[in-house]
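Visitor: Listed below, chain by chain, are the residues.
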Amino acid sequence: MFHLILFLFFGAICVAGAVNLLVQSHPINSALSLIAVMASLAVEYLLLGAEFLNAVQVIVYAGAIMVLFVITIMLLNAGKEASSGGSRVAIVLGIPGALVGTLLIGWTLLFHSNTRAVPIGALKGDPRAIAQLLFHDFLLPFEITSVLILIAIMGAVVLTSRPAAVARGPRRDG
Amino acid sequence: MMVPLSYYLMLSGFLFACGVIGFLIKRNIITIFMSIELMLNGVNLSFVAFAAQWHALSGQVFVFFVMVVAAAEAAVGLAIIIAVYRTRETLNVDRVNLLKL
Numbered sequence: 001m002f003h004l005i006l007f008l009f010f011g012a013i014c015v016a017g018a019v020n021l022l023v024q025s026h027p028i029n030s031a032l033s034l035i036a037v038m039a040s041l042a043v044e045y046l047l048l049g050a051e052f053l054n055a056v057q058v059i060v061y062a063g064a065i066m067v068l069f070v071i072t073i074m075l076l077n078a079g080k081e082a083s084s085g086g087s088r089v090a091i092v093l094g095i096p097g098a099l100v101g102t103l104l105i106g107w108t109l110l111f112h113s114n115t116r117a118v119p120i121g122a123l124k125g126d127p128r129a130i131a132q133l134l135f136h137d138f139l140l141p142f143e144i145t146s147v148l149i150l151i152a153i154m155g156a157v158v159l160t161s162r163p164a165a166v167a168r169g170p171r172r173d174g
Numbered sequence: 175m176m177v178p179l180s181y182y183l184m185l186s187g188f189l190f191a192c193g194v195i196g197f198l199i200k201r202n203i204i205t206i207f208m209s210i211e212l213m214l215n216g217v218n219l220s221f222v223a224f225a226a227q228w229h230a231l232s233g234q235v236f237v238f239f240v241m242v243v244a245a246a247e248a249a250v251g252l253a254i255i256i257a258v259y260r261t262r263e264t265l266n267v268d269r270v271n272l273l274k275l
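If you read the protein sequences in the order shown, they are chains A and B. Taking the working numbering, the leading residue of the first sequence gets 1, the next gets one more, and so forth. Taking the working numbering, the leading residue of the second sequence gets 175, the next gets one more, and so forth.
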């Protein structure tokens, strides 16, 4: 019962944050509601027994990535976004289509899937167990992602550096 | 003391759908990027839920990889957004319609 109450409470925060992200027109408000979604998703991970992912979600997602977003919004001084009035087709076809899709998926998941209930603490995703998988079975993907991160760092530096040296060269010649 | 797996899947589907809707209706390039992050989070939740259902820790390792790729994507994507803003002075995707200025 306690488990269900925790799930519903943080699930409601998730849903409210996701809807708020869509409704807000100022990007900083959207970013803050996305942080709320990610923080409450971290609690959902903990309910599912993923202790390591809970910490990583808070540190990497709600921490590092969202700080990047907030800094970019402040750096570019992003204001209210211009609304581009919705098209008629979207309202006539989109809303009933989305409603039918939601009902179909919910009905299937609730009544026609042989999924069992997830007991609390069924699977222990503590750092020790994750590390054994990560450094043994998934060693090659792990190393490849480290190379990916390195490339991403270099790409970010190249993209944001002032294009003086890169762009002026050809222009002088031409 | 149990939560049905379908509840987790419905929450995950809802988050993913919100991400798709935000991607389609938003006009600010940063908000569109945040909608993509929301979609990734929705998928991560279903990964973790299925990992708990099937007693397979590999699902959680996959979520870890998704997070790493999302971090790399955020770094490069935001750098691209800054570069776009420098050349065009706008964040509205409707006005970013030329590959070359």
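It should be emphasised that the hints constitute simulated quantities derived from the structure, not laboratory data. Take these hints with a grain of salt, some might be off.
[To be verified] Reference excerpt, derived from the structure (chain B facing chain A, CB under 7 Å, subset only):
1. 201
2. 253
3. 258
[To be verified] Per label pair, the in silico range of CB-to-CB distance:
4. 5/A x 243/B: 20 to 26 Å
5. 104/A x 176/B: 43 to 49 Å
6. 103/A x 256/B: 21 to 27 Å
7. 266/B x 100/A: 16 to 22 Å
[As the list claims (entries may be wrong)] Take a look, some chain A residues computed to stay more than 12 Å from chain B by CB distance:
8. 64
9. 80
10. 92
Backbone N, C-alpha and C fix where the C-beta goes; we use that ideal spot for every residue, glycine too.
Visitor: The structure should be examined with respect to each hint, and the outcome stated for every one.
Guide: Each hint tested on the structure:
1. 201: holds (5 Å)
2. 253: Cβ of residue 253/B sits 4 Å from chain A, so the hint holds.
3. 258: Hint violated; residue 258/B Cβ to chain A Cβ min 10 Å, cut 7 Å.
4. 5/A x 243/B: 20 to 26 Å: This hint is violated: roughly 34 Å between Cβ atoms.
5. 104/A x 176/B: 43 to 49 Å: violated (25 Å)
6. 103/A x 256/B: 21 to 27 Å: Given a distance of about 42 Å, which is not inside 21 to 27 Å, the answer is violated.
7. 266/B x 100/A: 16 to 22 Å: Distance hint for residue 266/B, residue 100/A is violated at roughly 32 Å.
8. 64: violated (7 Å)
9. 80: violated (9 Å)
10. 92: Holds, since 15 Å exceeds 12 Å.
In this structure, the earlier hints numbered 3, 4, 5, 6, 7, 8 and 9 are contradicted, and the remaining ones agree with it.
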